[in-house]
Amino acid sequence: MKKLINGVDQIVSEMVEGLVAAHPDKLRAIENTNVIVRADAPVQGKVALISGGGSGHEPAHAGYVGEGLLDAAVSGEVFTSPTPDQVLEAIKAVDSGAGVLLIVKNYSGDVMNFDMAADLAEAEDITVKQVVIRDDVAISNPDDRRGVAGTTLVHMIAGAAAAEGKSLDEVEAIAQGVADNVRSMGVSLAPCTVPASGKPGFTLEENEMEIGTGIHGEQGVERRELMQADAVTEELVQHVLDDMHLNDGSEVALMINGQGATPLMELYIVARKAIQLLKDRGIHVKKTFVGEYMTSLEMTGCSVTILNLDEERKRLLLSGRE
Amino acid sequence: MKKLINGVDQIVSEMVEGLVAAHPDKLRAIENTNVIVRADAPVQGKVALISGGGSGHEPAHAGYVGEGLLDAAVSGEVFTSPTPDQVLEAIKAVDSGAGVLLIVKNYSGDVMNFDMAADLAEAEDITVKQVVIRDDVAISNPDDRRGVAGTTLVHMIAGAAAAEGKSLDEVEAIAQGVADNVRSMGVSLAPCTVPASGKPGFTLEENEMEIGTGIHGEQGVERRELMQADAVTEELVQHVLDDMHLNDGSEVALMINGQGATPLMELYIVARKAIQLLKDRGIHVKKTFVGEYMTSLEMTGCSVTILNLDEERKRLLLSGRE
Amino acid sequence: MELSAAVMKQWALRINEKMQEHKDKLSELDQAIGDGDHGHNMARGFQEAANKVNDSSYDDIGTMYKDIASTLISKVGGASGPLYGTAFLKAANAWKGRDVLDSEAFTEGIEAAVGGIETRGKASFGDKTMLDVWIPVRDEMKERGVDTEQANKTAAKEAEATIDRVAKKGRASYLGERSKGHMDPGAFSSQLVFEALAEVYKEGAS
Amino acid sequence: MELSAAVMKQWALRINEKMQEHKDKLSELDQAIGDGDHGHNMARGFQEAANKVNDSSYDDIGTMYKDIASTLISKVGGASGPLYGTAFLKAANAWKGRDVLDSEAFTEGIEAAVGGIETRGKASFGDKTMLDVWIPVRDEMKERGVDTEQANKTAAKEAEATIDRVAKKGRASYLGERSKGHMDPGAFSSQLVFEALAEVYKEGAS
Ligand SMILES: Nc1ncnc2c1ncn2[C@@H]1O[C@H](COP(=O)(O)OP(=O)(O)O)[C@@H](O)[C@H]1O
Ligand SMILES: Nc1ncnc2c1ncn2[C@@H]1O[C@H](COP(=O)(O)OP(=O)(O)O)[C@@H](O)[C@H]1O
Ligand SMILES: [Mg+2]
Ligand SMILES: [Mg+2]
Ligand SMILES: [Mg+2]
Ligand SMILES: [Mg+2]
Chain A
1 MKKLINGVDQ IVSEMVEGLV AAHPDKLRAI ENTNVIVRAD APVQGKVALI SGGGSGHEPA
61 HAGYVGEGLL DAAVSGEVFT SPTPDQVLEA IKAVDSGAGV LLIVKNYSGD VMNFDMAADL
121 AEAEDITVKQ VVIRDDVAIS NPDDRRGVAG TTLVHMIAGA AAAEGKSLDE VEAIAQGVAD
181 NVRSMGVSLA PCTVPASGKP GFTLEENEME IGTGIHGEQG VERRELMQAD AVTEELVQHV
241 LDDMHLNDGS EVALMINGQG ATPLMELYIV ARKAIQLLKD RGIHVKKTFV GEYMTSLEMT
301 GCSVTILNLD EERKRLLLSG RE
Chain B
1 MKKLINGVDQ IVSEMVEGLV AAHPDKLRAI ENTNVIVRAD APVQGKVALI SGGGSGHEPA
61 HAGYVGEGLL DAAVSGEVFT SPTPDQVLEA IKAVDSGAGV LLIVKNYSGD VMNFDMAADL
121 AEAEDITVKQ VVIRDDVAIS NPDDRRGVAG TTLVHMIAGA AAAEGKSLDE VEAIAQGVAD
181 NVRSMGVSLA PCTVPASGKP GFTLEENEME IGTGIHGEQG VERRELMQAD AVTEELVQHV
241 LDDMHLNDGS EVALMINGQG ATPLMELYIV ARKAIQLLKD RGIHVKKTFV GEYMTSLEMT
301 GCSVTILNLD EERKRLLLSG RE
Chain C
1 MELSAAVMKQ WALRINEKMQ EHKDKLSELD QAIGDGDHGH NMARGFQEAA NKVNDSSYDD
61 IGTMYKDIAS TLISKVGGAS GPLYGTAFLK AANAWKGRDV LDSEAFTEGI EAAVGGIETR
121 GKASFGDKTM LDVWIPVRDE MKERGVDTEQ ANKTAAKEAE ATIDRVAKKG RASYLGERSK
181 GHMDPGAFSS QLVFEALAEV YKEGAS
Chain D
1 MELSAAVMKQ WALRINEKMQ EHKDKLSELD QAIGDGDHGH NMARGFQEAA NKVNDSSYDD
61 IGTMYKDIAS TLISKVGGAS GPLYGTAFLK AANAWKGRDV LDSEAFTEGI EAAVGGIETR
121 GKASFGDKTM LDVWIPVRDE MKERGVDTEQ ANKTAAKEAE ATIDRVAKKG RASYLGERSK
181 GHMDPGAFSS QLVFEALAEV YKEGAS
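Residue numbers (UniProt numbering), protein chains in the order written: chain A, 1 to 322; chain B, 1 to 322; chain C, 1 to 206; chain D, 1 to 206.
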């Protein structure tokens, strides 16, 4: 394992220190935790947004803390959900009385830990709502789907809504609207190495890829022969579209998300094909994101995310922060 | 070689297509070239900035095209300087009559090709100036130094100056000031694979790293035993500072630039230590950049860049775009 | 059958020793069908729990296990943190105010623990999770009273039995049929819990 | 010694064939001390030059080599593009208006080419670049007139001699002492240029 780290146990805390040291005007850490909040939290009268999960997905989640986006991010160990007490600290630090929305990815660990934190917060009379993201169409049963890159679109759109001063119920409804209308699918060409284990999560031959990978360095739902970028893109886009109800004239946002080690160059090659495919179907792409938004350490691969836009989501996304 | 591409010969043109398709409101490509210009180029009365070089450094250079930054970027083949005729096309497309500044990295290829383009442009009565970036302190002779990540700070600061309506001479002087005051040094833990060759550029053992690597996947100036992040950072920062004249109270900008495959998490661990080291020396970091600004495909590693700020550079950097 | 506060303390300490010892194996099992952190999660959490127990003195088994549970909840994270945490928290409630547990009282705790895991994780027997071990152990205790040696054997057998199953809950479920052929890591850590119980009971009795 | 327009055309085509044939070796040499693209750069550029020459008909050798030079300049990029491009452009100027080259005229072209490379790249003999081949070949021509067989031999010997040198210009110079022990890729591509010359001259004469 070759990593620029000092020791497996300090990774997350040193990353948090680095984030705050690099952006002291924007960010602040809560002592003795791996919670990062806006420097000016709590923002009076504003609904607060919290996201989080295991570390190793950077820039998610702490990279989204800031004006017009999240109020706090909670970082667990690498690929391990944070504990309820850390989430509670975040909730207490950002609540201004207007309530708190937790943005949770649908993994057993995240769901349970955030749920316990919500219970603890309610016991302290803080109003907490949750939206659970399940955008990964690689899993066929919609209830079991993981939350992946689409989560970052919830950060942006719900973040813009909260910044406008909308109420907790309104922000929750908007966030839920994004969650209901966003779908993703990923492919990986090479695994990543979780620092604590020191070994790659799996091995792939030179001509193999994993289709339907999540964001925790796991294998996907199927191992396949490596294909060219256009064919891979077609497969991912088709899978995503099969699960959506888009018509000729539908408006969408598109995200091509790198898993960590894939050069931006390749992501743009994928974006090119994805945009072509959507255009061929009469779908209007109003906004395209290409880059790393939700990574899996240094995994090689990418995911395609499509969000069906209604007028409100479109307005919030185009006017908001990225 | 496992890459999300369709064929080695189409990589650059398909990347350019993808860039423009993804950001049609911002970018436009010049037909039959790999030149990307601002959608609204030429901007009347504004000095135009052009950067470029081989591809494989994304987001450099095309990712910096936009308001307050570059007017055009010229992409050569992977790690191969673009040809003079392509640079000339860029010059012609962005010149509004206020003149054009070429931002050139000090590699034989870049220098020669941009120089030939400048000659061709002068022959067409376009006023062209050049600033050559030599920030890589891994090379001891200052004249021979390569242009690396520090180049992106020239994009930002000269871009902000041009956006303010400064004249070509003024913008050139500011860009030259950045070039004279910026220093970088890189380290690599794993090589990258140039698509055309299909094989990694070199091999490193599990416990080895290359110190002093450039941005073209080459080996560095020295092979060393792998160290922990803090020790690596200390080495890079010290090397950079040894070449600068900073005092207690100096103001700087800091950039921790990922080479492609290094997770943001690790870059923040490096940033944390670099900021500490500068603070220990009484140096004020006014702005920190952590992320991928100038990559070498999927190389693993990072570089540290420090820019000595005077009042003007500070103002332009803090008010400008990233 | 009786379990004193001293033996119950030993149980927690022994679980920790087992998790440290099998840390790599647990993570390897998790790497095959999950994300490879189960050993680290267990080792981190039970080490903290052992420290807590060592630093305090308890007459009340309920209080002791409440502390263990809170420590697990706040130090483990992931899926296993809330699940083991809830399990011991529910058991602690059942053991509140007691300085010794007879077979019935111990069983009540295990029943409550299983209920907690079920409520929290919404899994059932056969889903290839830790419950595949806990449920049969509980059933046997309810039926025949606590026999720690038997519980140990059942846990080992049931952990083994997860190998052939397709995961229905947790990360391993994402693999579908590909999850077959690997033991569930949480089932194996649960086996270690009951292995520790058999050992400390035997030592305490002798 | 005379080189007709037909032989000069064959020269350009043969250079291309050699670059295609040795593409991988050229890139491997470049991978050792540069960035691994020299073979691809040469193959891409000379292929385009060959296409250009094949698609046109020339009486004037100057015009033919100006087209070759422009093609190289606009299709190669990198360091070698401007250098080979400038070399052939300068030679083309010297050959302007001629449909056949005697020894003196050909040598003038080579002299101009070397001057172009020197001005463009600011390197000297011994810097471990293509000039390490071009300069001795030029010197020999100036002294004894054009002997293509001899030029071929000298080019091969001088390319070989770059192995022991430390690079002073181009990417390889960044490696300092580590550049020793590898042949300079541009020196080898230059050797191929003169190897092609000897072959087409021999074929043309027979
Ligand atoms: N919903 C659930 N119900 C019961 N047990 C579960 C559930 N989800 C996961 N588990 C158990 O947790 C174990 C994985 O724990 P761990 O690896 O520590 O957490 P994570 O899956 O978050 O990485 C699985 O092997 C399984 O036994
Ligand atoms: N300044 C220079 N003068 C003469 N030749 C040079 C110079 N710089 C580079 N070269 C030649 O160019 C060759 C490398 O060409 P190539 O790999 O195509 O370009 P790049 O170095 O841009 O990747 C070197 O082997 C060397 O012979
Ligand atoms: Mg985990
Ligand atoms: Mg090159
Ligand atoms: Mg796990
Ligand atoms: Mg080269």
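If you are wondering where the hints come from, they were derived from the structure by calculation, not from laboratory data. Quantities reported herein were computed from a predicted structural model and do not represent experimental measurements. No residue lacks a Cβ here, since even glycine has one placed at the ideal position from N, Cα and C. Treat the hints with caution; some may be incorrect.
Unchecked claim - Examples of chain A residues toward chain C, derived with CB under 8 angstroms:
#: 1; residue: 96
#: 2; residue: 97
#: 3; residue: 194
#: 4; residue: 197
#: 5; residue: 216
As the list claims (entries may be wrong) - Residues of chain C placed beyond 10 angstroms of chain A at every Cβ, according to the derived structure:
#: 6; residue: 7
#: 7; residue: 13
#: 8; residue: 80
#: 9; residue: 105
#: 10; residue: 115
#: 11; residue: 136
#: 12; residue: 165
#: 13; residue: 169
Each hint tested on the structure:
Checking residue 96 of chain A against chain C: minimum C-beta separation of about 26 angstroms lies over 8 angstroms; hint violated. Given hint, residue 97 of chain A at the interface with chain C, is violated; its Cβ is 26 angstroms from that chain's nearest Cβ, farther than 8 angstroms. For the restraint placing residue 194 of chain A at the interface with chain C, the shortest Cβ-Cβ distance is roughly 5 angstroms, inside the 8 angstroms limit, so the hint holds. The criterion of a C-beta within 8 angstroms of any C-beta in chain C is met by residue 197 of chain A, whose closest approach is roughly 5 angstroms, and the hint holds.
Nearest Cβ of chain C to the Cβ of residue 216 of chain A: about 4 angstroms, under the 8 angstroms cut. The hint holds. No Cβ of chain A comes within 10 angstroms of the Cβ of residue 7 of chain C; the nearest lies about 29 angstroms off, and the non-interface call holds. Look at residue 13 of chain C: its CB is around 22 angstroms from the nearest CB on chain A, clear of 10 angstroms, so calling it non-interface holds up. A Cβ of chain A approaches the Cβ of residue 80 of chain C within 10 angstroms, the least distance being about 8 angstroms, so the stated non-interface status is violated.
With 10 angstroms as the threshold on Cβ separation, the claim that residue 105 of chain C sits away from chain A holds: the shortest Cβ distance comes to roughly 27 angstroms. For residue 115 of chain C, the non-interface assignment is confirmed: its Cβ lies about 15 angstroms from the closest Cβ of chain A, beyond the 10 angstroms cut-off. Every CB of chain A lies more than 10 angstroms from the CB of residue 136 of chain C, the least distance being 21 angstroms, so the non-interface label holds. With a closest Cβ-Cβ approach of about 16 angstroms to chain A, residue 165 of chain C is found to remain outside the 10 angstroms limit, as its non-interface label requires.
With a least beta-carbon separation of about 7 angstroms from chain A, residue 169 of chain C fails to lie farther than 10 angstroms from that chain, contradicting its non-interface assignment.
Of the numbered hints given earlier, the model fails hints 1, 2, 8, 13; all others are met.
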